[in-house]
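A.B. asks: Please build the complex by placing chain B on the supplied structure of chain A, with the hints as guidance.
The listed protein sequences correspond, in order, to chains A and B.
Under the working numbering, the first sequence has 180 at position 180, and the numbering climbs by one with no breaks.
Under the working numbering, the second sequence has 52 at position 52, and the numbering climbs by one with no breaks.
Honestly, the hints are just simulated from the structure, not real lab data.
One or more hints might be untrue.
What the hints assert, rightly or not - Facing chain A, according to a computed beta carbon distance under 10 Å, are these residues of chain B, among others:
#1 18
#2 40
#3 46
#4 61
#5 62
#6 82
#7 86
To be verified - Rough simulated footprint, nothing fancy, chain B against chain A, three-plus residues with beta-carbon under 8 Å:
#8 88 to 101
#9 104 to 111
#10 140 to 151
Claimed, not checked - Computed Cβ-Cβ distance ranges for the label pairs, DEER-style:
#11 A:126 / B:244: 42 to 52 Å
#12 B:149 / A:16: 35 to 45 Å
#13 A:16 / B:264: 50 to 60 Å
Using N, Cα and C, we set each Cβ at its ideal position, and we do this for glycine too.
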Amino acid sequence: MNDIIKKIVNIATLKKEGHIPSSLSILDIIYVLYNKILDIDSIKENRIDRDRFILSKGHASLGLYVVLDHFKLLENDLDTFCDFDSELGGHPTDKIKNIESSTGSLGHGLPMAIGLALAYKIQNFKNKIYTLIGDGEANEGTIWESALLASHHNLNNLYCVIDFNHSTDRALKLGDLKNKFKAFEWDVIEIDGHNQKEIYKALTSTSDKPICVIANTIKGKGISIMENNPEWHHKFPSEEEFNQILNSL
Amino acid sequence: MRKQFTSTLYDIMTVDKNTCLLLGDIGVFGFKKCFEEFPNRTYNIGILEQSMVGLAAGLSKANLIPIVHTIAPFIVERALEQIKIDFGYQKLNGNFVSIGNSYDYSGLGCTHHCPGDILLLSSIPGIQLISPGNGKEFDYLFKQTYNNNSPTYFRLSEYEHNLDLDINFGKANIIKKGSKALVICYGNMLDQVYKVVEDLDVTLLYYSTILPFDSDTLKKHFNDNIIICEPFYEGSTNYLINHSLKGMSYKLSNIGIPREFILNYGKKSQIDKLLELDINSIKDKIIKLI
Chain A
1 MNDIIKKIVN IATLKKEGHI PSSLSILDII YVLYNKILDI DSIKENRIDR
51 DRFILSKGHA SLGLYVVLDH FKLLENDLDT FCDFDSELGG HPTDKIKNIE
101 SSTGSLGHGL PMAIGLALAY KIQNFKNKIY TLIGDGEANE GTIWESALLA
151 SHHNLNNLYC VIDFNHSTDR ALKLGDLKNK FKAFEWDVIE IDGHNQKEIY
201 KALTSTSDKP ICVIANTIKG KGISIMENNP EWHHKFPSEE EFNQILNSL
Chain B
1 MRKQFTSTLY DIMTVDKNTC LLLGDIGVFG FKKCFEEFPN RTYNIGILEQ
51 SMVGLAAGLS KANLIPIVHT IAPFIVERAL EQIKIDFGYQ KLNGNFVSIG
101 NSYDYSGLGC THHCPGDILL LSSIPGIQLI SPGNGKEFDY LFKQTYNNNS
151 PTYFRLSEYE HNLDLDINFG KANIIKKGSK ALVICYGNML DQVYKVVEDL
201 DVTLLYYSTI LPFDSDTLKK HFNDNIIICE PFYEGSTNYL INHSLKGMSY
251 KLSNIGIPRE FILNYGKKSQ IDKLLELDIN SIKDKIIKLI
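One chain only, chain A, in its complex shape (with noise of 0.2 Å):
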């Protein structure tokens, strides 16, 4: 994974843009994602009935980039990122393939997940449909909307993992999480958001429900200067800095 972290810290510092530490905390969560849970094939076939998995939270889009370059599904040049003419944008598209939607204003990816899940079932596809979306981002209200939404169409094709690494406490807290979905009537598995076992456990369980998978993570794990500080939130390292995040790794 540190091979990873470089290249997420290495292309923010070059292009000083981009969110390290929000991509450092899902950095596990979308590993394991695109190495053990989905179907790749579907994915590469581009077929209507693939797995698909949207980023919800669109600013850590640096490490999904990273990750699909890494597993080969990555067509355009990482260098490029952020450049007047690139399509490796400080938020995703789905201009650029193998990522299924465009994000950056949040709450906008679990509605769009629940609108495919409920397409699988309308069509019999039986395929997963996975979303992944920040603990700010579930100050929207269409988080919850959509939480409402799921249970009562049982779409147990879908899973929504929450990078839960308390970015949003200083603003508003979320409180006992795992009992609200639960409310909802969703499964919800809590797991160690940097844990690759349990991340793949709690991706491949099955349920009559939507699962929710609760991810404790931390913002900027791996980078101690970084971590769990929100000062780091949308801030590049200088050279000094940069050198100390290399040789830490």
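C.D. replies: Just chain B now, kept in the frame of chain A:
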């Protein structure tokens, strides 16, 4: 138009198995047959318009054809960002059918008014805006466009015009020709405007499709005195006219709904009078302008 909407939807859902109807807990009884015959494609989603539009985008991504329906302000104003990003930015196919345009629900007050729909939605690149003047026009235009790979908004009203026109998506109708002015009219407002200009020496163009805007017909029948009659906020379509006539010189006048909250209740006809959008007021305005 509402009755025609239910009938058109039943026809379409019968023949096109990819269509899905999503209701915002509005008009549910009218779609009884759809609920009975297409239970896995007809949903009363509930009163959560933003997520309903997002959900519709997910259906569209899986090649289904969503038709989203509720009262105009709740879909246009509450879910505007979802229409913009989920459908506009992602260039998805989908249909948004509103009911109760402008101040149709005059007795219900400002929360249920929506004269700003065309102004707001026309800011979304690639969206199609359709303002049918009656049920027949809706049926024709919906069947022409519901699956043409674009987000499309249909502006339905409780009020209709009675003219029997051969309309086409994206094309304006030349209702009459004259020399003193070019009158442009949208949707059901044709009812009043036609009666007003019937005996006046003006050209009358009728647009049931607002976007894509038919610039060609406008240019072909150009007059340097242009009067726009809009059953929505006045000036909502000025950009379309100005963009079409770039470099040309002309006088542009608007007869439409003023940009203020309508604080009165009563019948629609009473609000028409209040806003000087009744036949007599429209006539006075047009005569002064020509």
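A.B. asks: Of the hints stated earlier, which fail here?
C.D. replies: none
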